[in-house]
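Peer 1: Listed below are the residues making up each chain.
2 protein chains.
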Amino acid sequence: MTNPLPANATIGILGGGQLGRMLSVAASRLGLKTHIFEPSANPPAADVAHTVTTAPYEDEAALTAFANSVDVITYEFENIPTSALDILESIKPVHPNRRALATSQDRITEKEFLSGLGLTVAPFAAVDTLDDLRAAVDKIGLPAILKTRRFGYDGKGQARIMTPDDVEPAFEAVAGAPSVLEGFVDFSHEVSIIGARGVAGDISCYDPGENVHKDGILDTTTVPANLRPAQRTDAVLLAANILNSLDYVGVMGVELFVTKDGLIVNEIAPRVHNSGHWTQNGCAVDQFEQHIRAVAGYALGDGKRHSDVIMENLIGDDVERIPALAKDGSVAIHMYGKADVKKGRKMGHVNRITGPAK
Amino acid sequence: MTNPLPANATIGILGGGQLGRMLSVAASRLGLKTHIFEPSANPPAADVAHTVTTAPYEDEAALTAFANSVDVITYEFENIPTSALDILESIKPVHPNRRALATSQDRITEKEFLSGLGLTVAPFAAVDTLDDLRAAVDKIGLPAILKTRRFGYDGKGQARIMTPDDVEPAFEAVAGAPSVLEGFVDFSHEVSIIGARGVAGDISCYDPGENVHKDGILDTTTVPANLRPAQRTDAVLLAANILNSLDYVGVMGVELFVTKDGLIVNEIAPRVHNSGHWTQNGCAVDQFEQHIRAVAGYALGDGKRHSDVIMENLIGDDVERIPALAKDGSVAIHMYGKADVKKGRKMGHVNRITGPAK
Chain G
0 MTNPLPANAT IGILGGGQLG RMLSVAASRL GLKTHIFEPS ANPPAADVAH
50 TVTTAPYEDE AALTAFANSV DVITYEFENI PTSALDILES IKPVHPNRRA
100 LATSQDRITE KEFLSGLGLT VAPFAAVDTL DDLRAAVDKI GLPAILKTRR
150 FGYDGKGQAR IMTPDDVEPA FEAVAGAPSV LEGFVDFSHE VSIIGARGVA
200 GDISCYDPGE NVHKDGILDT TTVPANLRPA QRTDAVLLAA NILNSLDYVG
250 VMGVELFVTK DGLIVNEIAP RVHNSGHWTQ NGCAVDQFEQ HIRAVAGYAL
300 GDGKRHSDVI MENLIGDDVE RIPALAKDGS VAIHMYGKAD VKKGRKMGHV
350 NRITGPAK
Chain S
0 MTNPLPANAT IGILGGGQLG RMLSVAASRL GLKTHIFEPS ANPPAADVAH
50 TVTTAPYEDE AALTAFANSV DVITYEFENI PTSALDILES IKPVHPNRRA
100 LATSQDRITE KEFLSGLGLT VAPFAAVDTL DDLRAAVDKI GLPAILKTRR
150 FGYDGKGQAR IMTPDDVEPA FEAVAGAPSV LEGFVDFSHE VSIIGARGVA
200 GDISCYDPGE NVHKDGILDT TTVPANLRPA QRTDAVLLAA NILNSLDYVG
250 VMGVELFVTK DGLIVNEIAP RVHNSGHWTQ NGCAVDQFEQ HIRAVAGYAL
300 GDGKRHSDVI MENLIGDDVE RIPALAKDGS VAIHMYGKAD VKKGRKMGHV
350 NRITGPAK
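Residue numbers (numbering that gives the first Met the number 0), protein chains in the order written: chain G, 0 to 357; chain S, 0 to 357.
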């Protein structure tokens, strides 16, 4: 696809969670419709999408009909089965591309890709067996963290190994799934940079945000992050390096550890990212619209920030704080329309505008 | 209705134009669904609404089913037939209420109501016949403007009378519809204030915006408006007076002429208003969310503005400027998803953030 989509074109989105929901809203601002493909019924994105297909990723007829009904396809999560991608790609352009997906789906592929670009990652070793794990611990040292190669998110599929006694329980925790042992990184804080690349190769980045996690889940992102000017430059350059190397189209989230020796890449996400939600109330063009602009072949926003923001996730019964938060004129509420409140479930987030951009 | 709506409740909206579209988006941010009732097919709001009913306002069965499927009913335009309102009100709460609708539907009822509150309006006289018009011109003087009592918007149903020769053509222009002759007001500029009132009687106003029209249609709204502090206070007090007098729930737009003798009320709109679109990029809580908060029984936002904004409507082929506007990092685009570009048709608007709130 080289021409921009016409007004009223339809963006197909794989996945109907909160990211698909906010992508749909952003598409509407550009006069574009969305069609959500999602296996589970009544997903959050259905409330604000023009069309919804409820079908599993194994339903070839549904995938084909979906692809034929849209102008371009994107996704809100990276674990799309290859077989589904084969069908979709044969009918319509899919952005970001297959290589970006394959790279981010597997922690070892990802780390090898990033290392190959000259970027620094945590020390790592592949682990398939308990013997592999013992050898990896000998090589990397402790403490370390064992993570499944695929399907991990929000701290799931992970086990910390602080002492040799933790080795066997950690291996049992990942239940024999192909895994990677990562050495601990001595970092002062975590930041992420949300970058975007358009079809013409143009690149735009938002100012990095500083992330604080709680119980393995993102709790807050504060913008601007605590970074020296040279570190900000490094963050932009490494994001651009990754985006260009993948011939990427769309928004990408890049998580970075800040260490005394420089920035270490933790992981990349080939999609809009929780740590970029602050852009909804800090920028004229937020990350969701930026992603839609990229996949639709439109000009990217320049990433300009008008306000400083603290984004806070509302997890589980944090939603009970909504009535109090609603009374604060500096707080913007973003709920996801999820029917049931569950422990650890992302129910929404708030963006607190803390002042004009500094 | 005194209790706030629960999460996942549904707001019924009469009318599926751009205002309904942006109300739907705002509802989604609060975790609420929307159901649009609209006679014409594929309206702009359908792209972002959970449910759409396509039926005329005379379809009693459709109205009944619609009302039964939602938790509260509101609207994006004031010309709702009384017969439809009778059915809807018998099933679910309708906000703003019938009196607000009736008052704003008829220019004479409106002016008499406003005068009764002690507010200043332009001199006016009812006109049903050509003789009425001649008598009204004698009483009010020229120049003056003849407007139909009902169904006027964006300069439609209006005729200027500059000289006695214009009297007969003006009467023909309104085609015998019940009308009102309004005297010209010697005003320096027009502003509008967007006020909101909650179910508990709480009131919140945004800072007034300054409006410039082109060809009878709103062209730009600039915030802050050029007003002295005492005029700002007057604007808030008169808006509160109107809202309280109508026992109003929801957002109202109040158009004001600024004269050397004070503020004159031009007209009121019992709904979100084009001159309030700037709030989408100037405030954490915009007018659309404020309206949804009010009708859902939630706490109102306090009207706080974080940025100064110039809103510009995109009329007809103004949409051709979108690619250029998209490259400006201070510009937020809001398209309405209308299929056909027509002369004089509101296709979208842009909000240009001009700096931190002054």
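Treat each hint with caution, since some may be false.
One copy or any two copies: either way a pair holds, since identical chains are not told apart in the list.
[Claimed, not checked] Pairs of lysine-lysine residues, derived as DSBU-like cross-links and limited to a Cα-Cα distance of at most 30 Å, are as follows:
| id | residue 1 | residue 2 |
| --- | --- | --- |
| 1 | LYS155 | LYS345 |
| 2 | LYS341 | LYS155 |
| 3 | LYS213 | LYS91 |
| 4 | LYS155 | LYS91 |
| 5 | LYS213 | LYS259 |
| 6 | LYS91 | LYS326 |
| 7 | LYS342 | LYS213 |
| 8 | LYS155 | LYS342 |
| 9 | LYS303 | LYS155 |
| 10 | LYS342 | LYS303 |
| 11 | LYS357 | LYS303 |
| 12 | LYS91 | LYS138 |
| 13 | LYS259 | LYS91 |
| 14 | LYS303 | LYS326 |
| 15 | LYS357 | LYS138 |
| 16 | LYS357 | LYS326 |
| 17 | LYS155 | LYS357 |
| 18 | LYS303 | LYS341 |
| 19 | LYS345 | LYS303 |
| 20 | LYS326 | LYS155 |
| 21 | LYS259 | LYS341 |
Worth flagging that the hints you see were computed from the coordinates, not collected in a lab.
Peer 1: Determine for every hint whether it applies to the structure shown.
Peer 2: Going through the hints against the structure:
1. LYS155 / LYS345: Only inside one copy: LYS155 and LYS345 sit 14 Å apart there, 48 Å across copies, limit 30 Å.
2. LYS341 / LYS155: within (16 Å within a copy, 53 Å between copies)
3. LYS213 / LYS91: Intra 40 Å, inter 43 Å, cutoff 30 Å: neither.
4. LYS155 / LYS91: Classified as neither: same-chain Cα gap 33 Å, cross-chain 45 Å, threshold 30 Å.
5. LYS213 / LYS259: Within. Shortest intra-copy distance 23 Å satisfies the 30 Å Cα cut-off; inter-copy 59 Å does not.
6. LYS91 / LYS326: The answer is between: 27 Å across copies meets 30 Å, while 46 Å in one copy does not.
7. LYS342 / LYS213: within (13 Å within a copy, 54 Å between copies)
8. LYS155 / LYS342: Answer is within; shortest intra-copy Cα gap is 14 Å, inter-copy 55 Å.
9. LYS303 / LYS155: neither (34 Å within a copy, 40 Å between copies)
10. LYS342 / LYS303: Close neither inside one copy (35 Å) nor across copies (33 Å); limit 30 Å.
11. LYS357 / LYS303: both (12 Å within a copy, 20 Å between copies)
12. LYS91 / LYS138: neither (45 Å within a copy, 69 Å between copies)
13. LYS259 / LYS91: Answer is neither; intra-copy 45 Å and inter-copy 62 Å both fail.
14. LYS303 / LYS326: Answer is both; intra-copy 28 Å and inter-copy 11 Å each pass.
15. LYS357 / LYS138: neither (44 Å within a copy, 59 Å between copies)
16. LYS357 / LYS326: Both: 25 Å inside a chain and 22 Å across chains, each within 30 Å.
17. LYS155 / LYS357: Answer is neither: 36 Å inside a copy and 46 Å across each miss the 30 Å cutoff.
18. LYS303 / LYS341: For LYS303 and LYS341, the Cα distance exceeds 30 Å both inside one copy (36 Å) and across copies (33 Å).
19. LYS345 / LYS303: Classified as both: same-chain Cα gap 27 Å, cross-chain 27 Å, threshold 30 Å.
20. LYS326 / LYS155: Neither: 35 Å inside a chain and 40 Å across chains, both beyond 30 Å.
21. LYS259 / LYS341: neither (39 Å within a copy, 60 Å between copies)
Hint compliance for this structure: hints 3, 4, 9, 10, 12, 13, 15, 17, 18, 20 and 21 are not met, and every other hint is.
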